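Colleague: Take a look at the letters that make up each chain.
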Amino acid sequence: MMDARQKEKIASLILLLITLIIVTPVVLIFILILVRGLPALTLEFLLAMPRDGMRAGGIFPAIVGTCYLTLGTALFAIPLGILAAIYLNEYAQRNWLTRVIELAIINLAGVPSIVYGLFGLGLFVTFLQFGASILAGSLTLAIMTLPVIITATREALSAVPRSFREVSFSLGASRWQTVRHVVLPNAIPGIITGAILGLSRAAGETAPILFTVAAFYLPRLPRSVYDQAMTLPYHIYVLSTQVPNVSVKVQYGTVLVLVGMVFIMNILASWLRAKLRKRKTW
Amino acid sequence: MVKIEVKNLNVWYEKHLAVKDLNLSVHHNEILGVIGPSNSGKTSFLKTLNRMNELYPGTKTEGEVLLDGEDIFTRIDKHLLRKRVGVVFALPLPLPLSIFDNVAYGPRLHGAKKVDEIVEKALKAAAIWEEVKDRLNENAFKLSGGQQQRLCIARTLAVEPEVILYDEPCSGLDPISTLKIEEAMQELKRNYTQILVTNNVKQAARASDRTAFFLMGELIEIGETKQIFTVPHDKRTEDYITGRFG
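Those protein sequences? They're chains R and G, same order as listed. Residue numbering for the first sequence follows the working numbering, beginning at 3 and increasing consecutively. Residue numbering for the second sequence follows the working numbering, beginning at 246 and increasing consecutively.
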């Protein structure tokens with residue numbers, strides 16, 4: 003018979019092994035991308051237009067496009083998401099309507115991204131006649147990101163102790179004054195983190211932008227929100243499946259840039275959360 | 246002079262009748278002690294007086310509460326009511342702000358101009374000015390529990406209420422902090438009407454002018470504190486204050 007301590011040792015060893023197995027693919031993917039992509043990473047690659055049918059030159063327009071889209075998504079999704087979360091968490095009565103809305107948000111988070119893409123095509127591109135454009139793409143990505151931002155914001159709002167609200171009300175504050183001066187300032191760290199994570203997911207999505215904004219190749223940068231744009235995720239798809247004889251270096255270099263951008267956003271979110279948490283005193 | 250008059254007040258939480266057909270009046274500038282075991286309805290009564298009970302869904306009130314003759318449910322806006330009838334909670338609940346901003350929070354809400362003066366006056370009235378005057382920008386959570394509670398009193402005073410409700414304000418405090426708060430209350434009598442709900446019978450005996458005894462949502466007895474604690478009219482009051490139950 004083994005004693006409890008031996009069992010404990012074995013158990014923790016097994017758990018550690020399983021965890022390592024889970025992490026391994028992620029690490030391997032990273033290493034592969036780094037090794038094969040790093041040689042491509044020159045200033046020209048980042049800042050020049052593509053040449054030779056996108057087999058050479060840079061990926062500047064795709065980087066710019068992804069930045070525009072992420073920015074556009076943030077512009078729509080963050081304010082809407084925060085306001086909806088404030089309504090649901092601070093104002094809404096507990097009734098059937100609220101429950102239906104909550105259920106809808108949960109389900110919205112589970113909708114496959116290609117469905118968002120088709121929805122965006124139907125509503126923004128065709129019906130509202132925005133055409134395939136940065137505007138339509140941003141709106142589509144924003145709708146996809148909304149559930150994430152609403153959920154993260156609600157969690158952040160709920161984490162603010164109820165007693166803070168009661169104190170504010172007891173001093174004669176209205177609900178909005180309470181939200182504005184007591185609840186929001188203390189929920190901001192969680193909201194920012196959730197928003198950035200939602201955006202970083204949107205930045206890497208391909209399906210929602212496929213029909214709403216993404217361009218195969220554009221000789222110049224987009225000039226208005228009604229223009230199409232090249233984007234990194236779609237560019238990767240194009241390079242790996244649509245254009246023959248693209249060097250591995252260029253493909254992996256593009257992947258590295260996208261992963262790097264998303265990675266930087268995630269790091270930024272974690273860093274902000276840690277920094278703002280330190281300021282928290284309760 | 247009557248400051249608050251309660252007529253036939255019933256308070257429900259869902260189906261539970263927490264306050265039953267309550268009739269009592271609170272006099273100008275007195276400290277009314279409210280004692281009773283838990284679930285006696287004393288806190289529900291207190292929370293009704295500035296309509297804080299409405300923050301809990303399922304609350305229902307019936308009857309009248311008159312503040313200077315005006316019904317608080319129909320004639321006074323609830324935000325204005327809460328400004329006129331302040332509350333100090335059971336636990337010290339500073340907001341996660343500096344000491345100064347905690348006290349300034351209320352006046353700023355109501356659009357006050359000379360906040361510095363108001364804050365200093367309120368901190369002095371709550372007998373905590375000397376302890377915090379050199380550290381006004383420090384976080385309020387750095388204060389001790391007793392200091393935090395006096396800060397909360399100052400915060401309540403800063404919106405210039407007429408009535409102050411205390412909901413077991415010393416339940417988590419040591420005897421010296423408790424004494425300081427009771428002393429502050431005696432000072433405040435000049436300008437404010439105060440209602441002190443307490444689980445500590447001795448505190449009511451020390452601090453209040455009149456005392457009300459609640460049991461199972463009913464007012465059993467109200468009278469001069471001296472009378473209640475020496476010759477209570479009701480057997481149940483006597484049993485409670487002598488510690489036979491509680």
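No lab work stands behind these hints: they were computed from the structure. Quantities reported herein were computed from a predicted structural model and do not represent experimental measurements. Take the hints with a grain of salt, since some may be wrong.
[Said to hold, decoys possible] Coverage of chain R stretches by chain G, computed from C-beta distances (three or more under 8 Å per stretch; other residues unrestricted): (1) 219-226; (2) 244-252.
[To be verified] SDA-like cross-link-like pairs, simulated, lysine to any residue; straight-line CA separation at most 20 Å: (3) G:K387 x R:K251; (4) G:K323 x R:Q179; (5) G:K480 x G:L424; (6) R:K282 x G:S343; (7) R:K9 x R:I20; (8) G:K265 x G:E466; (9) R:K251 x R:L18; (10) G:K358 x R:K282.
All C-beta atoms in this analysis are idealised placements derived from N, C-alpha and C, irrespective of residue type, glycine included.
Colleague: Can you confirm whether the C-alpha distance between K323 of chain G and Q179 of chain R stays at or below 20 Å?
Modeller: Between K323 of chain G and Q179 of chain R the Cα gap is close to 14 Å, so the pair holds against 20 Å.
Colleague: Quickly compare the C-alpha distance for K358 of chain G and K282 of chain R to 20 Å and report which way the hint goes.
Modeller: 29 Å, violated
Colleague: Measure nothing beyond the straight line between the CA atoms of K387 of chain G and K251 of chain R; if it is 20 Å or shorter, mark the hint as holding.
Modeller: 57 Å, violated
Colleague: Verify the proposed pairing of K265 of chain G with E466 of chain G, using a straight-line Cα cut of 20 Å.
Modeller: Holds: K265 of chain G and E466 of chain G sit about 14 Å apart, inside 20 Å.
Colleague: Test coverage of the region 244-252 of chain R by chain G using CB-CB distances below 8 Å; three residues minimum.
Modeller: As far as the region 244-252 of chain R goes, the hint is violated, because 0 residues have Cβ atoms under 8 Å from chain G.
Colleague: K282 of chain R and S343 of chain G were given as a pair; does the straight-line alpha-carbon distance stay at or below 20 Å?
Modeller: 12 Å, holds
Colleague: Is K9 of chain R within 20 Å of I20 of chain R, Cα to Cα?
Modeller: It holds: about 17 Å lies between the C-alpha atoms, which stays within 20 Å.
Colleague: Verify the proposed pairing of K251 of chain R with L18 of chain R, using a straight-line Cα cut of 20 Å.
Modeller: The hint is violated at about 35 Å.
Colleague: Given the hint that K480 of chain G pairs with L424 of chain G, test it: the Cα-Cα distance must not exceed 20 Å.
Modeller: 30 Å, violated
Colleague: Okay, the region 219-226 of chain R and chain G, do three or more residues pass the C-beta test at under 8 Å?
Modeller: Violated, because only 0 residues of the region 219-226 of chain R bring their Cβ atoms closer than 8 Å to Cβ atoms of chain G.
Checked against the numbered hints given earlier, the structure breaks hints 1, 2, 3, 5, 9 and 10 and satisfies all the rest.
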